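Student: Here are the chains, one letter per residue:
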Amino acid sequence: MLSVLISGDRPRSVVLGVLLMAILIGLATAPFLFPGVRSLETAARICVFVVLVASYDLMLGYTGIVSFAHTMFFGLGAYGVALAVDGMERGFVPVVLGAVLGALAAAVLAFAIALFSLRVRAIFFAMITLAVASAVAVLVSQLSGLTGGEDGMTLRIPRELTPAFKLLNEPVLGVRFNGKLLNYYLVFSVSLVLFLVMLRVVNSPFGRVLQAIRENDFRAEAIGYRVVWYRTVATCLSAVMAALAGSLYALWLRYVGPDTVLSFEIMLDILLMTVIGGMGTMYGAAVGATLFVLAQTYLQSLMGVAAVALADVPLLPALLNPDRWLLWMGVLFILSVYFFPTGIVGRLRESVRSG
Amino acid sequence: MSDALLETRDLTVRFGGHVAVDGVSCAFAPGQITTIVGPNGAGKTTYFNLISGQIAPSAGQVLLRGSAITRHSVAARCRAGLGRAFQLTNLFPDLTVFENLRLVVQSRRHRGFDLFSMASRQRYMSDEAAEVLARVRLSELADHKVSELSHGNQRKLEVAMLIALDPLVYMFDEPTAGMSVDEAPAVLELIAGLRGRADRTILLVEHKMDVIRNLADRIIVLHNGALAADGDPAEVMASDVVQEAYMGRAIEDV
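One line per chain: the protein sequences are D and U, in this order. With UniProt numbering, the residue at position 278 of the first sequence is 278, and numbering never jumps. With UniProt numbering, the residue at position 125 of the second sequence is 125, and numbering never jumps.
Be aware that a few hints might be false.
What the hints assert, rightly or not - Looking from chain D toward chain U, a few residues come up when the C-beta cut is under 7 Å (computed):
1. Ala122
2. Phe124
3. Val201
4. Pro205
5. Glu215
6. Asp217
Note that these hints are calculated values from the structure, not bench results. From a predicted model like this one, the values you see are computed outputs, not experimental measurements. Ideal placement from N, C-alpha and C gives every residue a C-beta, glycine not left out.
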């Protein structure tokens with residue numbers, strides 16, 4: 001049963017298994033285990049980014065396609081929901097419709113880019129995605145009548161998903177049973193399902209062909225696989241998953257804007273999460289996204305605590321000044337890439353193989 | 001000629017001013033092993049590339065079972081029944097030996113676009129891959145990555161890939177290249193085992209004379225890209241054309 005759920009893709013490392021269980025349980029019980037607005041925001045962000053990074057890994061890690069347009073697909077999903085909600089009556093219909101249309105738009109755009117550029121060299125595809133993504137980002141910020149421009153849009157999501165909707169009048173275990181909690185569990189369960197679907201895809205016969213193409217596209221073609229079609233389908237699938245992650249994010253934040261879903265910074269974050277977690281492993285996406293988001297959220301406060309604790313030591317408090325958190329974040333990346341060139345998951349699996 | 005499995009008509013390719021393959025017309029009947037010989041640079045591998053589609057011809061046609069496949073992609077030709085093993089080992093280095101073969105079986109079964117079933121549960125694919133693995137005596141190495149294999153075993157796997165694909169036309173490009181004297185016979189035995197199947201034909205580029213003598217039903221000689229001789233092994237081997245071609249001299253009046 002479990003084996004079917006995870007498509008037979010065992011963690012193959014006790015440490016990794018424990019880590020994944022911890023992430024899953026942590027996210028499943030986040031509202032109870034870590035009460036508070038900030039930790040719930042973080043947990044939801046982790047859920048969304050696990051899906052987003054996994055969808056990127058489907059392209060980069062499994063198929064060997066470098067794309068810089070992933071935030072564009074993410075954004076299409078987010079804006080799809082935002083625009084549908086904006087133009088229709090409040091309820092679940094526009095949310096679902098927006099998500100479907102956003103995913104469809106992402107698939108069509110991905111199909112066009114892929115057919116147009118995947119036939120030729122990989123670097124060309126990367127450049128085209130960069131160009132198209134920049135164009136879309138400019139378009140979104142300029143069409144302010146439709147998209148709210150740089151200010152973005154606030155979403156009127158279904159009342160059942162807002163804090164105003166009360167399930168119970170009294171908090172249980174210190175947790176308020178309201179729409180916000182429902183919203184979190186919606187994000188969590190949809191993310192989990194999407195992740196498991198992707199895990200299935202990469203372990204399917206189709207997924208095996210993708211890995212073959214990554215390893216040696218020349219030979220994949222020579223044994224009868226039309227490489228360009230496989231790459232195109234993988235790109236479209238990845239775009240759809242990213243768009244759905246974007247829809248979830250919009251629903252959770254009740255806001256979309258260029259900075260939150262379209263910026264190039266997020267693209268870089270996705271790249272880093274994929275590499276740190278371990279390319280071509282899917283579980284790497286879960287581990288990478290979790291650690292990265294946690295570091296982004298809590299490193300600064302952690303450093304603040306450390307700086308105060310070490311106030312009497314010379315130099316250290318200055319180095320650990322919370323304002324310098326980005327510096328330390330950078331140091332962490334460099335160290336992790338240096339020591340785990342195959343990512344955390346790759347490293348954990350290697351140590352099992354050799355040990 | 002109409003019952004030929006594979007045929008090339010005036011197959012020609014020019015690279016700039018250089019004619020690499022020059023109007024080669026040849027038909028390959030089923031049930032035979034045809035060996036293609038010729039000195040280095042004679043165009044043997046280029047001829048193979050034209051047949052399997054890695055390069056497009058400047059002129060001429062390739063026909064498989066009587067229908068032109070000249071404009072087909074490499075993958076389409078493969079699915080139509082052209083299988084090719086490469087001179088320089090050309091595998092999936094980071095995947096296991098088993099997975100390399102399983103991918104071939106999957107391709108032959110047309111299950112590439114199966115997105116939502118579990119590859120590991122497709123028993124028939126695994127069974128067929130395991131069967132080929134046993135046939136080439138690589139079962140012990142099934143779970144090793146290809147990159148960890150010795151050169152000899154990689155060559156063996158290269159041949160096994162083609163056996164797993166089981167095409168109508170088997171094309172082997174120097175299957176024993178770089179193999180030790182102990183290793184080569186096993187590979188040749190595998191190829192010999194494919195002989196005599198009435199609906200298959202085998203093309204073999206080879207240099208080693210003893211191999212040719214033992215395996216070939218027919219020999220064609222390429223020289224400077226053109227067909228220089230074609231016929232029974234004993235006759236061709238004895239002919240002046242072959243002697244001169246292998247001595248490296250130019251052949252006049254051919």
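Student: Now tell me, hint by hint, if it's right for this structure.
Tutor: Comparing the hints with the structure gives:
no., hint, in the structure
1, Ala122, "violated, 17 Å"
2, Phe124, "violated, 19 Å"
3, Val201, "holds, 5 Å"
4, Pro205, "holds, 4 Å"
5, Glu215, "holds, 4 Å"
6, Asp217, "violated, 10 Å"
The structure is inconsistent with the numbered hints 1, 2, 6, although it conforms to all the rest.
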